[in-house]
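Chemist: If you want the building blocks of each chain, they are given just below.
Number of protein chains: 4
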Amino acid sequence: MDTNAESTTEEPPTINSIPPDKSYTSADKTEVKTDLLEQYLRRRQRSEQLTDGLSPEDMTAQSMPDASPTKWHLAHTTWFFEQFLLKPQLPNYQEFDKHFSYLFNSYYNNIGQRHRRDQRGLLTRPCLTRVMEYRAAIDDQVQALLGQTLSVESDTTTGVNAAAQITGTTLVGLHHEMQHQELMLTDILHLLSHNSMQPAMRAGLPASTSSQSPLRYQNYNEGLFSIGALKDDHLTTNRSFSFDCEHPRHQIYQRGFSLANRTVTNREWLEFIQDGGYSTATLWLSDGWAECQQRNWQAPLYWIKQDQDWFQFSHYGLVPVDLNAPVCHINYYEADAYATWANARLPTEQEWEIAACEYPIVGNFQETDHWLPKPADGHVQDMLQLYGNVWEWTRSPYSPYPGYRAAAGAIGEYNGKFMSGQYVLRGGSCVTPIEQLRSSYRNFFYPHQRWQFSGLRLAKDS
Amino acid sequence: MDTNAESTTEEPPTINSIPPDKSYTSADKTEVKTDLLEQYLRRRQRSEQLTDGLSPEDMTAQSMPDASPTKWHLAHTTWFFEQFLLKPQLPNYQEFDKHFSYLFNSYYNNIGQRHRRDQRGLLTRPCLTRVMEYRAAIDDQVQALLGQTLSVESDTTTGVNAAAQITGTTLVGLHHEMQHQELMLTDILHLLSHNSMQPAMRAGLPASTSSQSPLRYQNYNEGLFSIGALKDDHLTTNRSFSFDCEHPRHQIYQRGFSLANRTVTNREWLEFIQDGGYSTATLWLSDGWAECQQRNWQAPLYWIKQDQDWFQFSHYGLVPVDLNAPVCHINYYEADAYATWANARLPTEQEWEIAACEYPIVGNFQETDHWLPKPADGHVQDMLQLYGNVWEWTRSPYSPYPGYRAAAGAIGEYNGKFMSGQYVLRGGSCVTPIEQLRSSYRNFFYPHQRWQFSGLRLAKDS
Amino acid sequence: MDTNAESTTEEPPTINSIPPDKSYTSADKTEVKTDLLEQYLRRRQRSEQLTDGLSPEDMTAQSMPDASPTKWHLAHTTWFFEQFLLKPQLPNYQEFDKHFSYLFNSYYNNIGQRHRRDQRGLLTRPCLTRVMEYRAAIDDQVQALLGQTLSVESDTTTGVNAAAQITGTTLVGLHHEMQHQELMLTDILHLLSHNSMQPAMRAGLPASTSSQSPLRYQNYNEGLFSIGALKDDHLTTNRSFSFDCEHPRHQIYQRGFSLANRTVTNREWLEFIQDGGYSTATLWLSDGWAECQQRNWQAPLYWIKQDQDWFQFSHYGLVPVDLNAPVCHINYYEADAYATWANARLPTEQEWEIAACEYPIVGNFQETDHWLPKPADGHVQDMLQLYGNVWEWTRSPYSPYPGYRAAAGAIGEYNGKFMSGQYVLRGGSCVTPIEQLRSSYRNFFYPHQRWQFSGLRLAKDS
Amino acid sequence: MDTNAESTTEEPPTINSIPPDKSYTSADKTEVKTDLLEQYLRRRQRSEQLTDGLSPEDMTAQSMPDASPTKWHLAHTTWFFEQFLLKPQLPNYQEFDKHFSYLFNSYYNNIGQRHRRDQRGLLTRPCLTRVMEYRAAIDDQVQALLGQTLSVESDTTTGVNAAAQITGTTLVGLHHEMQHQELMLTDILHLLSHNSMQPAMRAGLPASTSSQSPLRYQNYNEGLFSIGALKDDHLTTNRSFSFDCEHPRHQIYQRGFSLANRTVTNREWLEFIQDGGYSTATLWLSDGWAECQQRNWQAPLYWIKQDQDWFQFSHYGLVPVDLNAPVCHINYYEADAYATWANARLPTEQEWEIAACEYPIVGNFQETDHWLPKPADGHVQDMLQLYGNVWEWTRSPYSPYPGYRAAAGAIGEYNGKFMSGQYVLRGGSCVTPIEQLRSSYRNFFYPHQRWQFSGLRLAKDS
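Residue numbers (my numbering), protein chains in the order written: chain A, 1 to 462; chain B, 1 to 462; chain C, 1 to 462; chain D, 1 to 462.
Treat the hints with care, as some may be off.
[Unchecked claim] Here are the simulated lysine-lysine pairs, DSS-like style, with alpha carbons at most 25 Å apart: (1) D/305 to C/98; (2) D/374 to D/305; (3) C/374 to C/305; (4) B/374 to B/305; (5) C/305 to D/98; (6) C/98 to C/87; (7) A/98 to B/305; (8) A/305 to B/87; (9) A/98 to A/87; (10) B/98 to B/87; (11) D/87 to D/98; (12) A/305 to A/374.
Derived from the structure by calculation, the hints contain no laboratory data.
Working from the sequences, and respecting the hints, build out all of it.
Modeler: This is the structure:
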């Protein structure tokens with residue numbers, strides 16, 4: 001082993017070795033206040049910018065129950081602020097439209113009945129213009145509320161608590177909006193892929209010129225490690241923001257392992273295809289093989305073979321598959337079958353986090369405006385592509401961390417109730433907002449789903 | 001009444017008693033020419049007028065595989081003229097857009113592959129503006145072609161034949177467009193019904209003031225009758241236009257029967273509901289009862305009970321059910337169960353035609369701009385509501401007439417291949433263009449379908 | 001035209017030309033009495049003989065909802081006599097087993113709730129022995145009842161009526177049992193076909209030595225014809241027995257037509273296959289083509305290709321396809337597509353009946369113990385194979401005859417409620433009891449169903 | 001109790017603290033030899049005894065794809081020995097029947113194609129008698145092979161290896177047979193539950209007289225623990241037998257927790273029902289709630305309410321629900337919802353194992369012949385019911401242990417390929433053979449499945 005994340009061989013950490021969180025000073029608080037308003041407005045504006053190149057029609061259709069219309073995303077993220085921030089905080093708050101609570105509730109049973117998820121594409125009304133008015137109206141009110149909250153001298157405990165709650169909910173709302181910004185891009189891609197005209201939503205994709213980076217396995221020693229987000233009061237500032245499912249930070253005993261220094265490339269995936277990967281039952285999990293045969297998977301989603309060449313449908317229309325770039329739009333079953341074929345396995349989410357927490361969050365994210373994974377570019381001794389490009393499937397089912405408790409009330413439905421049947425993905429993709437990511441961030445999808453920007457990195461027992 | 005529609009008891013018609021068609025003179029021909037251009041432009045314009053009150057988003061969505069988006073209807077009817085008129089008739093014809101042949105083909109296997117029917121709502125592109133440009137471009141070319149065709153002195157047989165073919169195909173295209181005009185209205189209603197805001201596409205429905213008309217059975221004696229459209233060369237003029245499935249006109253032997261003088265009303269249907277009609281197995285056909293239980297039918301489609309009152313979703317939003325108006329949006333199984341409950345039966349299509357061919361084609365049609373069935377209004381001795389208001393389910397499966405032959409080529413797919421599993425409806429509805437109707441017109445739908453303006457008229461054996 | 005069924009060209013029949021039914025004399029009545037007891041016992045015994053070669057396990061399993069276990073057939077036909085004969089006629093009748101009314105009711109809503117049709121194969125209890133005891137016990141009681149009924153001097157009207165009712169219901173029960181005898185054979189074949197060991201239920205099929213009979217079309221002139229069973233009091237004797245759906249006998253006007261002198265052979269069907277019949281959309285009805293693609297039909301049911309040769313699973317195990325024999329186990333959609341391919345059409349049920357009523361009921365029936373269709377054998381000038389061998393699909397949807405009324409009470413559910421979505425087949429098959437057949441007999445199945453012994457005969461307009 | 005399973009607070013175990021396995025001496029080997037033959041014969045005989053009270057018909061039917069017919073279980077377990085033991089070890093081995101390899105392969109892709117799992121109930125042939133002959137024939141050969149193997153002086157390494165392989169495979173086969181013995185009982189119960197006669201397979205259930213045991217939570221301190229089966233060479237003796245998925249034994253860091261001293265009772269479950277547990281969305285996992293609504297769960301499987309009382313279908317027919325006995329036949333979603341309702345959670349499989357490894361394996365197992373869970377009976381300070389009675393759902397998805405590797409060849413398909421989408425259950429049930437159980441045993445089922453004898457024990461964070 002050359003270097004490893006946490007050198008534990010000589011001095012194993014004690015059981016209570018979890019490092020204390022950074023203490024925030026009053027200077028931080030001021031910074032937070034100024035940040036939050038600016039952050040809110042910037043984030044909300046960003047959602048609207050992402051729709052550049054889309055018509056109202058594009059923004060209304062729904063291609064499958066898992067994917068929502070762009071317009072619905074724009075309205076739902078607004079509904080979130082109205083429902084969880086304005087309604088509880090403003091005593092005499094009047095709803096913008098009495099129908100919207102029903103139409104734009106996603107899955108909050110505490111809030112009440114809602115429009116059927118698989119029929120969101122039938123909501124031709126409210127029209128886009130009306131949804132934009134909704135956004136503007138809610139933004140005005142949130143802005144007023146935040147301005148007032150942050151300016152007040154909070155002498156009393158009540159004042160402090162209320163302000164903390166407003167700040168906290170606003171932060172959740174912004175991170176919620178970031179998640180939907182990514183979904184807007186994955187969902188519209190799925191929609192447009194059904195159109196035989198192969199329309200490009202964006203123009204001007206620069207050609208890739210890289211070559212494939214060598215594959216190397218990095219060894220990590222066994223030991224005790226702390227996993228999960230640092231702060232327990234996770235709703236206070238963006239700097240340390242995290243979702244409930246990343247908590248509590250807890251200790252695990254980790255066996256030695258090694259991790260690939262980059263994600264699997266399209267070239268490598270093509271070898272898997274050519275070696276009969278999609279038709280060899282013994283490579284697959286039992287459930288995966290059943291679905292593979294039933295749905296006739298033969299290549300990643302969006303791959304199209306024309307004559308002898310492979311192309312990929314993207315936000316830029318149909319483009320040639322870049323053999324050096326990470327494979328993308330594969331599901332858990334495919335990732336697992338590939339790993340078996342390659343005499344390796346998928347990493348656990350803990351292994352990934354142990355490796356990733358050492359690295360700064362840099363990579364090909366949504367802000368780069370290059371919504372296709374890029375080839376690895378860097379020193380072979382480094383762990384490359386940990387953040388951005390493609391979400392990396394882990395072999396970890398999405399389960400509660402030891403000591404996890406769902407939050408009270410409707411926001412408690414945010415994460416906990418999805419903890420069955422899904423797998424954790426780590427690291428973010430080329431359509432994830434960079435501010436959303438951290439080493440403890442847990443994304444999760446069902447093992448058959450392919451429409452996210454999902455790829456894989458190999459691991460081995462050491 | 002003792003007299004009956006065709007007095008056959010004394011002088012039974014001979015077997016060859018089918019009356020000869022009217023002979024057309026050259027005077028007629030001139031009239032046809034002038035008519036056709038004007039008709040074409042008026043009909044095409046009408047399709048666009050029907051979209052008043054709809055946004056591009058409304059016109060893109062699809063609420064079920066059976067119903068198509070408005071925009072798709074606008075494009076498909078245009079595609080019909082491009083494909084069947086312009087392409088065959090103009091030697092160097094260049095397609096408006098090479099993708100449209102694939103996107104807007106409905107079901108013509110002869111023309112080639114096509115976009116999946118259940119995914120028409122995913123065609124956010126071409127956008128509405130582009131589809132309107134498509135319409136305009138095709139209209140220009142058809143106008144030129146028709147102008148040229150009709151002005152030429154057709155001395156030669158070839159010229160005559162070509163002109164006849166152009167005229168014929170144009171007429172089919174116009175009647176095809178009429179059918180889609182009705183579908184545009186039924187399909188958009190179905191879409192909007194999924195929106196909990198219950199949006200009204202149209203405003204200003206006048207209140208109904210009628211009372212329920214008395215129910216009377218009209219007797220018809222047994223005998224030989226001729227059924228079907230008059231002319232065999234059915235594509236020549238609008239005056240005698242008919243589809244292939246209305247041919248050949250043929251003789252039948254009809255047993256004596258009696259027919260209700262009006263359609264069943266909402267008031268009568270309510271009695272059926274209150275008498276447990278939807279929960280009494282023995283009233284239903286076996287297949288109907290299975291579906292009734294599985295889909296939990298309890299009232300006509302679009303009926304909603306609020307407190308103790310019944311309302312009906314319509315193009316005018318949610319309106320109270322008019323108890324004197326014809327029941328509408330019921331399927332064949334419901335119609336048959338009602339008839340059984342009422343100690344009656346549905347008429348055959350032949351019985352309906354025997355009664356209807358005596359009456360002029362007047363009634364509440366699409367042009368009335370009252371897109372809800374109206375109560376019967378007229379003399380109790382007359383057969384009322386034969387045309388317009390609601391399509392009337394008959395007990396006749398949609399089958400070929402004796403001697404029927406499908407046309408050659410792609411147009412031959414128009415009607416013949418649907419002759420299994422469906423039932424014939426007669427008479428047109430309040431959203432049918434009046435020019436589409438005639439006593440021989442055969443509409444057909446599957447027995448479970450409810451989204452058309454379908455009702456029923458009772459019959460009995462005499 | 002050489003000869004035709006009813007020479008109508010010179011003297012067209014008058015409207016009231018339906019021949020009067022044969023008048024029965026008292027001599028007939030005695031004959032009926034003697035017959036009935038003997039008939040009952042023979043018919044009931046026959047059902048049990050048909051299970052030769054089957055184990056209790058074979059007789060319990062169900063291969064699809066449409067097919068019932070042999071044991072269930074044995075019990076249900078017994079239940080029919082218990083329910084419709086013993087219970088109404090014997091004042092203090094005690095049910096053999098209180099559960100059986102629930103377990104062995106097929107679909108009679110008037111009788112009450114029942115065991116799920118698709119779960120009949122889960123009825124491992126009552127065991128076969130118990131079902132045989134049930135049969136014996138009911139047979140004893142029916143025998144006693146019949147003996148008593150037929151011996152009594154029926155002076156009073158009441159006595160006559162009661163006796164008539166007992167006789168009538170017994171006859172219905174016997175014809176019901178015949179129908180289930182055929183179903184026992186079709187259903188067990190379907191079950192055994194799922195076993196890769198290809199077990200033979202019967203041994204000793206003699207090899208066929210015939211050659212293919214020449215195909216000739218017989219012309220029939222237009223005219224008025226009477227269709228349907230002769231007697232209206234259809235429950236009196238077996239000689240004139242008929243089901244309600246064959247009534248009332250009624251007059252039709254028939255256009256001229258011609259009918260093939262024999263059914264379509266396996267050799268001809270192979271040509272259809274080799275000419276791409278199963279992959280040519282334009283040959284098929286729209287619904288049929290959808291199902292053909294979805295279910296991947298490529299040959300008749302039970303056909304298996306081994307190397308270059310076609311085999312057919314049968315009651316005799318896997319046997320080579322006899323090219324001269326009638327094609328069998330094809331559904332309506334396939335039959336219709338074949339007819340289109342052959343530039344012909346399917347006959348209507350009326351056309352078939354007009355031709356068949358001239359011929360005696362002879363052919364390869366169940367009693368022949370050759371449960372595979374046999375090649376046509378006879379004079380080319382005759383209409384061959386009208387009865388037995390294969391049921392012949394007609395293009396007639398199964399609809400009520402003019403003036404049809406369902407019987408009152410539970411027996412009224414027998415036929416009427418199935419009059420939607422199905423097509424009529426005529427003539428019986430090699431597994432039909434010969435006594436069940438007559439020229440007016442209407443069998444009916446859904447157009448996608450293939451497990452019956454169904455084939456086709458071509459027709460043309462003349 | 002204040003002391004906990006492994007006292008770690010004072011002296012935390014070192015990383016390499018896993019205790020060495022017991023060293024086996026030659027004395028053990030002799031014992032093994034004698035055991036194995038006796039074990040084999042006894043185990044095989046037991047499978048046949050379990051069918052007491054069943055007819056060949058009972059043993060042939062299949063009530064759902066998840067459940068197999070008894071006859072199939074009897075044949076498949078035999079096939080296992082033929083395929084994995086006789087074929088590889090006997091050079092000239094002739095298959096008993098060439099069809100059986102296809103018919104009785106469950107899911108081994110390495111072995112080849114197989115009969116459809118959802119159509120096992122259609123295998124009326126081979127009949128039961130033939131399957132019993134199959135069992136006898138294979139037993140003879142296995143007996144001969146084992147006798148020979150165990151008698152030979154194994155001087156050479158090859159001999160030792162071959163003998164070890166034979167012994168190992170035999171042991172796997174016996175544990176495989178034990179698993180199927182349990183499934184035979186759960187599957188036949190499911191089948192018989194579909195029969196409205198509610199047949200009892202067994203007689204003589206003694207009435208329960210217990211009262212409900214008090215509920216107490218036992219605390220366990222945090223620390224490092226070893227999880228998994230002891231020996232890596234897991235195929236050598238029954239004493240230390242374990243499946244691959246229980247390996248490798250590995251270290252985990254466990255947070256403090258507390259565990260209920262007994263399983264949840266029917267009385268407690270009734271409170272959950274009466275408190276609206278089945279209709280309160282917020283108690284449920286999202287996937288669970290969707291299924292609960294769709295499948296209309298309202299009580300555990302096999303519960304039937306008659307008037308005001310609850311009954312339960314069992315091997316003894318319909319019996320009253322014993323309120324003091326453990327709730328049974330609930331799935332993961334129900335268990336999780338209950339735990340949420342009770343302000344607790346399900347334990348992880350590690351927590352369960354930490355608690356259970358301290359206790360001897362005693363409880364209500366299959367051999368007790370009381371195939372219904374019994375009320376807890378013991379000292380309140382003890383952990384009760386850990387083994388037998390009901391399988392206990394854990395919140396742990398069935399995933400590979402760190403360092404897990406699937407075995408090579410077909411046996412490698414045994415466990416590894418099912419490691420997605422399922423949850424681990426621990427402890428065995430009243431229909432599990434006692435020899436099958438150990439503290440490391442991992443059973444696994446899908447979260448919606450209810451037909452196993454599955455219940456739950458609550459846990460909490462401490």
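Chemist: All hints are to be evaluated individually against the structure, with a verdict given for each.
Modeler: Hint-by-hint comparison with the structure:
1. D/305 to C/98: 21 Å, holds
2. D/374 to D/305: 21 Å, holds
3. C/374 to C/305: It holds: about 21 Å lies between the C-alpha atoms, which stays within 25 Å.
4. B/374 to B/305: Holds - the C-alpha atoms of residue 305 of chain B and residue 374 of chain B are around 21 Å apart, at most 25 Å.
5. C/305 to D/98: 21 Å, holds
6. C/98 to C/87: At roughly 13 Å apart (the allowed maximum being 25 Å), residue 87 of chain C and residue 98 of chain C satisfy the hint.
7. A/98 to B/305: Within the cut-off at roughly 21 Å; holds.
8. A/305 to B/87: 31 Å, violated
9. A/98 to A/87: 13 Å, holds
10. B/98 to B/87: Given pair residue 98 of chain B, residue 87 of chain B holds - Cα atoms ~13 Å apart, limit 25 Å.
11. D/87 to D/98: 13 Å, holds
12. A/305 to A/374: 21 Å, holds
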